[in-house]
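Just need the whole structure built from these sequences, with the hints factored in.
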Amino acid sequence: EAEVAQSPRYKITEKSQAVAFWCDPISGHATLYWYRQILGQGPELLVQFQDESVVDDSQLPKDRFSAERLKGVDSTLKIQPAELGDSAMYLCASSLAAGSTMNTEAFFGQGTRLTVV
Amino acid sequence: RKEVEQDPGPFNVPEGATVAFNCTYSNSASQSFFWYRQDCRKEPKLLMSVYSSGNEDGRFTAQLNRASQYISLLIRDSKLSDSATYLCVVKKDSNYQLIWGAGTKLIIKP
Numbered sequence: 044e045a046e047v048a049q050s051p052r053y054k055i056t057e058k059s060q061a062v063a064f065w066c067d068p069i070s071g072h073a074t075l076y077w078y079r080q081i082l083g084q085g086p087e088l089l090v091q092f093q094d095e096s097v098v099d100d101s102q103l104p105k106d107r108f109s110a111e112r113l114k115g116v117d118s119t120l121k122i123q124p125a126e127l128g129d130s131a132m133y134l135c136a137s138s139l140a141a142g143s144t145m146n147t148e149a150f151f152g153q154g155t156r157l158t159v160v
Numbered sequence: 014r015k016e017v018e019q020d021p022g023p024f025n026v027p028e029g030a031t032v033a034f035n036c037t038y039s040n041s042a043s044q045s046f047f048w049y050r051q052d053c054r055k056e057p058k059l060l061m062s063v064y065s066s067g068n069e070d071g072r073f074t075a076q077l078n079r080a081s082q083y084i085s086l087l088i089r090d091s092k093l094s095d096s097a098t099y100l101c102v103v104k105k106d107s108n109y110q111l112i113w114g115a116g117t118k119l120i121i122k123p
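Chain order of the listed sequences is A and B.
In case it helps, the numbering used here puts the first sequence at residues 44 to 160.
In case it helps, the numbering used here puts the second sequence at residues 14 to 123.
Treat the hints as calculated values from the structure; they're not laboratory data.
Heads up, none of these hints are tricks.
Capping the alpha-carbon separation at 25 Å, the derived lysine-lysine pairs in DSS-like fashion look like this:
1. K121(A) <-> K55(B)
2. K55(B) <-> K54(A)
3. K118(B) <-> K58(B)
4. K121(A) <-> K105(A)
5. K58(B) <-> K54(A)
6. K122(B) <-> K55(B)
7. K121(A) <-> K54(A)
8. K118(B) <-> K15(B)
9. K118(B) <-> K92(B)
10. K15(B) <-> K105(A)
11. K15(B) <-> K105(B)
12. K58(B) <-> K105(B)
FRET-style restraints, in silico, Cβ to Cβ:
13. R89(B) <-> S50(A): 33 to 41 Å
14. D70(B) <-> E111(A): 36 to 44 Å
15. P23(B) <-> V97(A): 32 to 40 Å
16. Q153(A) <-> Y83(B): 24 to 32 Å
C-beta atoms are modelled at their ideal positions from N, C-alpha and C, and glycine is treated no differently.
Below is the structure:
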């Protein structure tokens, strides 16, 4: 069964350091989402890509966060510098674009659990 | 007001009982609806899509009420393994945006 791949699974970093997460969506999925989830809360969208284009990054703290999906396939999310409040689970999800006759639900990777110390 | 709202719970339910939760949404342009299940410290996994006519998958039944702008999830004959957080998701097909509820925590007790 096709899966969304994320790495690393766990990351501990010191505040003010840079950290990067990688996501490889399910093959053929044009839409890619990066979410941040704090324990006890629902996922919060950071950025949404349609192919290589950013569709929505309104909630991305652009002073420290950046995301790219250069070839419209895999994607990288970077934080520089990391702050203590960035400790959370970072989830990547992908879905077929709307307009397809198939279901357009999103599939998630296992996430990267970030701890900033 | 949040675009998608859920009762956070927890719902403490005895094994074998029937439990139902609702999720309300505010944007009438929303087109697609889903229920996800999330176990502690794991990623959300799709439980079921919600169709306009309602749909059933084993012990789970999902319904959509567009007039009142809510979706519901019914779990019959609940099992201990049903303990999880259930997340409601509303999708805007115009821009593929997913709007997530904060989740309802369900605890099934023996």
